[in-house]
Amino acid sequence: MTGSLVPATRDSLALLLLAMADDEFVIGWSDSEWTGIAPLLEEDVAMSSLAQDELGHAKALYELLAELEAEAGSADAGSADADAIAYDRPPEGHYHARLLDHAPTDWAATMARRFLYETADAVRLEALADSAWRPLAELVAKLRREERYHLLHVSTWLERLAFRDGEPRRRLLAALDDLGPDASTVLAPLPNELALEMAGIVARPSRDLEARWRAAIGPTFERLRLPMPPPLADATGARSDHSDAFRRLWADATSVRASDPAATW
Numbered sequence: 014m015t016g017s018l019v020p021a022t023r024d025s026l027a028l029l030l031l032a033m034a035d036d037e038f039v040i041g042w043s044d045s046e047w048t049g050i051a052p053l054l055e056e057d058v059a060m061s062s063l064a065q066d067e068l069g070h071a072k073a074l075y076e077l078l079a080e081l082e083a084e085a086g087s088a089d090a091g092s093a094d095a096d097a098i099a100y101d102r103p104p105e106g107h108y109h110a111r112l113l114d115h116a117p118t119d120w121a122a123t124m125a126r127r128f129l130y131e132t133a134d135a136v137r138l139e140a141l142a143d144s145a146w147r148p149l150a151e152l153v154a155k156l157r158r159e160e161r162y163h164l165l166h167v168s169t170w171l172e173r174l175a176f177r178d179g180e181p182r183r184r185l186l187a188a189l190d191d192l193g194p195d196a197s198t199v200l201a202p203l204p205n206e207l208a209l210e211m212a213g214i215v216a217r218p219s220r221d222l223e224a225r226w227r228a229a230i231g232p233t234f235e236r237l238r239l240p241m242p243p244p245l246a247d248a249t250g251a252r253s254d255h256s257d258a259f260r261r262l263w264a265d266a267t268s269v270r271a272s273d274p275a276a277t278w
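Quick note on numbering: my numbering labels position 186 of the sequence shown as 199, and the sequence is numbered without any gaps.
By construction, these hints were calculated from the structure, which means they are not laboratory data. For glycine and all other residues, C-beta sits at the position ideal for the given N, C-alpha and C. Among these hints, one or two may not hold up.
When the alpha-carbon atoms are kept at most 20 Å apart in a straight line, the in silico SDA-like pairs for lysine to any residue are as follows [claimed, not checked]: (1) K72 to K155; (2) K155 to W170; (3) K72 to I50; (4) K155 to E80; (5) K72 to R227; (6) K72 to P104; (7) K72 to A27; (8) K155 to D178; (9) K72 to G213.
Label-pair distances were calculated between CB atoms; the ranges are [stated by the list, open to error]: (10) A145 to P274: 33 to 43 Å; (11) P20 to A229: 13 to 23 Å; (12) M241 to A216: 16 to 26 Å; (13) R238 to S17: 28 to 38 Å; (14) D265 to D178: 27 to 37 Å.
Produce the entire structure from the sequences given, and follow the hints as far as they go.
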């Protein structure tokens, strides 16, 4: 699988896979908490399904990362395992975007965060669709088919909240104000991403992806009279400075593994 990847490219690819997997893992676990308490019965089902999809995507990406590490011989014995990567790291070892550290305090905040994430993730996946590393390109093709429905779902809710005067719109605006500064952390540059460009694994640098993302969401935000997220002021800690809200989520997500290390997901 690793083929002729040089160590620098392989290391950068591993970090990309980890970032994508951790993003899906965190948003999947977080959205699963709406099961049973969503505002509509249909949304109980929908959010449960969406969360299951995201965790399935995370699993596939962790497995790809584990295979990459195992083939490269870079992992200690037994550590090149998707479950170990997902559950055996401390909170500080996770590499998800800071946007996903924000707790979904209400339904509007959940939909706002999901819209910002799904639209950014769509741009990221598009840039990987023709990746020269075939295992990733093949997985991305599957993810894009499923993520299309996630974006349709959240786009419908964003519009419903934005056009409903009073508390729904006020809550949505408050959520966007809170999330805005971290919105583009999903597309923040990864260390040594130039190696991925040179190897043809990614099609464009992160700065281009962020510009494409802003161009993609701009018409929607203008039509709904919503404020655009500000540019990322500082990419430092975009994937490493984690919140207490995430630490609580991590404790819940890893509780079974902690009680029974032999358990599998």
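Hints and how they fare:
1. K72 to K155: holds, 13 Å
2. K155 to W170: Distance ~24 Å between K155 and W170 Cα, so the pair is violated.
3. K72 to I50: violated, 26 Å
4. K155 to E80: holds, 18 Å
5. K72 to R227: Violated, at roughly 29 Å.
6. K72 to P104: holds, 18 Å
7. K72 to A27: Satisfied, since the Cα-Cα distance of roughly 15 Å is no more than 20 Å.
8. K155 to D178: Given pair K155, D178 is violated - Cα atoms ~38 Å apart, limit 20 Å.
9. K72 to G213: violated, 24 Å
10. A145 to P274: 33 to 43 Å: Between A145 and P274, where Cβ atoms are some 37 Å apart, the hint holds.
11. P20 to A229: 13 to 23 Å: violated, 35 Å
12. M241 to A216: 16 to 26 Å: holds, 24 Å
13. R238 to S17: 28 to 38 Å: violated, 51 Å
14. D265 to D178: 27 to 37 Å: Taking Cβ atoms as reference, D265 and D178 lie about 36 Å apart, which means the hint holds.
Violated hints for the displayed structure, listed by number in ascending order: 2, 3, 5, 8, 9, 11, 13.
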